[in-house]
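Note that the protein sequences, when read in sequence, are chains B and D.
Throughout the first sequence, residue numbering follows my numbering, covering 1 to 327 in sequence.
Throughout the second sequence, residue numbering follows my numbering, covering 1001 to 1537 in sequence.
Hints listed in this document are in silico derivations from the structure and should not be mistaken for laboratory results.
None of the values given here were measured: they were computed from a predicted structure.
Beta carbons are placed, not taken as given, at the ideal position from N, Cα and C, and that holds for glycine.
Just to be clear, a hint being listed does not mean it is correct.
[Unchecked claim] Rough simulated footprint, nothing fancy, chain D against chain B, three-plus residues with beta-carbon under 8 Å:
#: 1; region: 220-230
#: 2; region: 245-251
[Claimed, not checked] Computed list of lysine to any residue pairs in SDA-like fashion (alpha-carbon distance at most 20 Å, straight line):
#: 3; chain 1: B; residue 1: Lys261; chain 2: D; residue 2: Ser1444
#: 4; chain 1: D; residue 1: Lys1087; chain 2: B; residue 2: Asp305
#: 5; chain 1: B; residue 1: Lys189; chain 2: D; residue 2: Lys1027
#: 6; chain 1: D; residue 1: Lys1027; chain 2: B; residue 2: Arg313
#: 7; chain 1: B; residue 1: Lys261; chain 2: D; residue 2: Asn1442
#: 8; chain 1: D; residue 1: Lys1027; chain 2: B; residue 2: Gly314
#: 9; chain 1: D; residue 1: Lys1087; chain 2: B; residue 2: Gln309
Here's the letter readout for the chains.
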Amino acid sequence: MDVRDTYRHNVLTSGHRACSGCGEAMAARMVTDIIGPDAVYINATGCLQVFTTHNQQSAWQAPWIHSVFANAAAVASGVEAAMRANGKDTPVVVQAGDGGTFDIGLQCLSGMIERGHDVLFVCYDNEAYMNTGVQRSSSTPHAVRTTTSPPGRLSEGKHHLKKDVISIIAAHQMPYAATATVAYFPDLKAKVEKAMSLKGPRFLQVLSPCPLGWNHDAAQTIQVSRLAVETGLFPLVELEHGAVTGVMRLARQRPVEDYIKLQGRFKHLFGSKGGAVEIRHLQALADARIRRYGLLEADTEWTTDTANQVQRRGRGGYARVSKGESQ
Amino acid sequence: MSRLSFEAGSSVAYHTGDWRILRPVYKDKWPPCSQTCPASEDIQAWLALASDDQWQAAWRKLTERNPFPAVMGRICYHPCELSCNRKHLDSAVNIHGVERYLGDLALEQGWRHQPLNKKQQTQQVAVVGAGPAGLSCAFQLVRRGYPVTVFDARSAAGGTLHSGIPAYRLPKNILRREIDAILALGIQLHLDTRIGEQRSAQSLQEEFAAIFLAIGEQQPRIYTGNDQSGHSIMSGVDFLRRINQGEPVKMPRHVAVIGGGNTAIDAARCARRLGAEVTVVCPQDPHGTQHGHPGAEMPASFEEVIQAEAEGVRLSYRLGVSRLVRSGEHLSGLQVARVDQLHDRHGQFAPKLFEGTEEFLSAGLAIFAIGQEVDWHGLERLRDSEDSNILIGGDAAGKPRFAATAVGSGYQAAMSIIACLTGIPPVYEQHEKAEVSINDLNLSYYPQSVRQEGGVVADRLHDFDEVITGLDKTAVTHEAGRCLSCGVCFQCDNCWHFCPDAAVIKQDAGYEVDNDYCKGCGICAQECPCGHIDMVT
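This is chain B alone, in the form it adopts within the complex:
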């Protein structure tokens, strides 16, 4: 056990091989430390699995299973059923990337939710297949450059739109589905805790910027994640049994240029006529999402300003490591 830090369990600890500034490692560390080490983690194939278990060295300090790409939800269903058969109520948590959720794992996930397994499914959404070299996924936003959607004479990056997976999931009439991102820790914490307090299938989509694939400075991970929310491109919402029950109100709407100009994956949009059209298209998409969820006028506990606000001695942390464990 690595117990350098007595203020958090470090379920995902040091020595993993994620790139410098990795948003997914950051998100996974937050989520798993809020849930704690007394859970079974099932990890679909993807960046998170690859960089945390390199050369037979595991960065996980909790029970952890690697499934194949497609069947993480199915494995979790089995683990949950086995727990239930043995009279245990250990939480079961699936972690998958957007590939393992939006594309390859979608039918297993749908089945798991339909059967009502008591599992939390966390999708770390970095909007492409990053560990294999940045190929487009159905989560990749419109007009993004990836290695399989290169911009050029006939194209301004990915032609299709980002799949609205949270609506697909929520359409299962399940207890809880929410979106979160790394920039707003108090919001992320409240959502994970709410999800853990409920029974049945639950789903969390956590936007996790990728400095390599999104081509932004490693130090800008949080800023990019914050701007995704503040522009309206990534609304933070909560859905219960299919109905929207909570959103994070935007204190002010920022233009999408603020968000895309930080990222190399949108660089081709600047300085060309076609690019300008796509920027307008992205702005229209952001506006549509803001209208759809009422992000500017919703009556909410938090706004993007107050969720950001810092406080002396922090705004909540994780369960502390007990003395018995640290010895």
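With the hints as your guide, set chain D onto chain B.
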């Protein structure tokens, strides 16, 4: 361990620290408020304690450098707020409001100053002048165990704080109680003792191991035009002293005050309270009209000018007195003219008037507040001494003439005296730290908030009661909480939450970077709200 090792186990065996180019370093900086505070108060520290409801600790931190919080919270021109980084975000923190609240709370609760150590020194120190500089020096020395005797020529302690500042800005009982709290540390005070008259300078030199001269500038500069003698002319200093000592002063209907400094404004507001129609003849331009030429704008505090105007004081700018107009003995007014140049070619203040622009200003009393000088009478021997154990401070040491500067000067004098007496070089506890600008802060983490101001008493021309009311507890907590804590960690946990590599380890107080694993992404430095973290090679 080699990168290619295949030994099964925990990944902590693999040190990712060697991927790094830059590493984060936690470093306390020196916020601009403290940097500009003439008394070098650690403002951020006591604001932090106040926002945490640790009121007494906040007061103790504040009085480490300034034993006059209730006084300075009222009268200081607060350069701290002018430099506050928060002004770029919304408006500066109301630092003086919090300071005043802490000072008043200490007086109300009867908190007592504590000596810093129990060790009693034997070398006696004399302080000449019981003003802010002298008392500040005595306070620092006596807290460090030195027996101090303070001499003052007047019959009340406080120096210019007592004789120069009207009661509507600084109530006399606040000043007296704050001075009493300082004297309670065991300072001997001899009032009505002018060195050179009641006591000789020589006897002081023989009796005391060190002397601090903080005699202020009490000698008014006099008008050198025509007819300087005669009735109906007064200096601002004398006028204020008489008002502050409660002497009756008869007011004519029209009063002219000449000068653009705080003494002029104080005299004008006092005369207004005594029922006169007051015009200030100010040689300089108004505030905010001469950017980049601070010497061309009137030196009085802007807030005081606003108050004076609200009270009906007329201000006429860029005017100088060309001569006094008398009918017999009686002063009927002033002949004033437009000012051409304020300074001569040596940079000395010497207003030159335009010919042909004269106008008449009716006045039965002319109050000249055109500066003060040091009255060295009887102290020349000490002034000219080459001994290193005789120091000069406060206003007597030169400009700028602000109470907070005097307090800071008293602190430095105390440190120098201790250095001189012990032979150990002075420790000023001065930070050698980088300043933090607005660009070093991450403003995403500070939502806008409205500055709370003290109230203004509406009906105020009939008496000398205090004009500005203090903040209440809620407002003070709000203001202290608005501090951005520039450059000083307040444990918001951002670096710790956001580290993707578990390389930031939370400690009971603060954080530590585990350089074995830090990949140097720089997120901690980028997301540190207050600019506490630097990325270094």
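Outcome of the hint check:
Counting residues of the region 220-230 of chain B whose CB falls under 8 Å from any CB of chain D gives 5; the rule of at least 3 is met. Look at the region 245-251 of chain B against chain D: 1 of its residues bring a Cβ nearer than 8 Å to a Cβ of that chain, fewer than three, so the hint is violated. Taken as a hint, the Lys261 of chain B and Ser1444 of chain D pair is honoured in the structure, with Cα atoms around 18 Å apart against an allowance of 20 Å. For a cut-off of 20 Å, the pair hint linking Lys1087 of chain D to Asp305 of chain B stands: about 18 Å separates their Cα positions.
Straight-line distance between C-alpha atoms of Lys189 of chain B and Lys1027 of chain D comes to about 29 Å, which puts the hinted pair past the 20 Å bound. Our distance criterion of 20 Å between C-alpha atoms is met by Lys1027 of chain D and Arg313 of chain B, whose separation comes to about 17 Å. Under the criterion of a C-alpha separation no larger than 20 Å, the hint pairing Lys261 of chain B with Asn1442 of chain D is consistent with the structure, at around 19 Å. About 19 Å separates the Cα atoms of Lys1027 of chain D and Gly314 of chain B, which keeps this hinted pair within 20 Å; it holds.
For the given pair, Lys1087 of chain D sits about 18 Å from Gln309 of chain B by alpha-carbon distance, which is consistent with the 20 Å threshold.
Violated hints for the displayed structure, listed by number in ascending order: 2 and 5.
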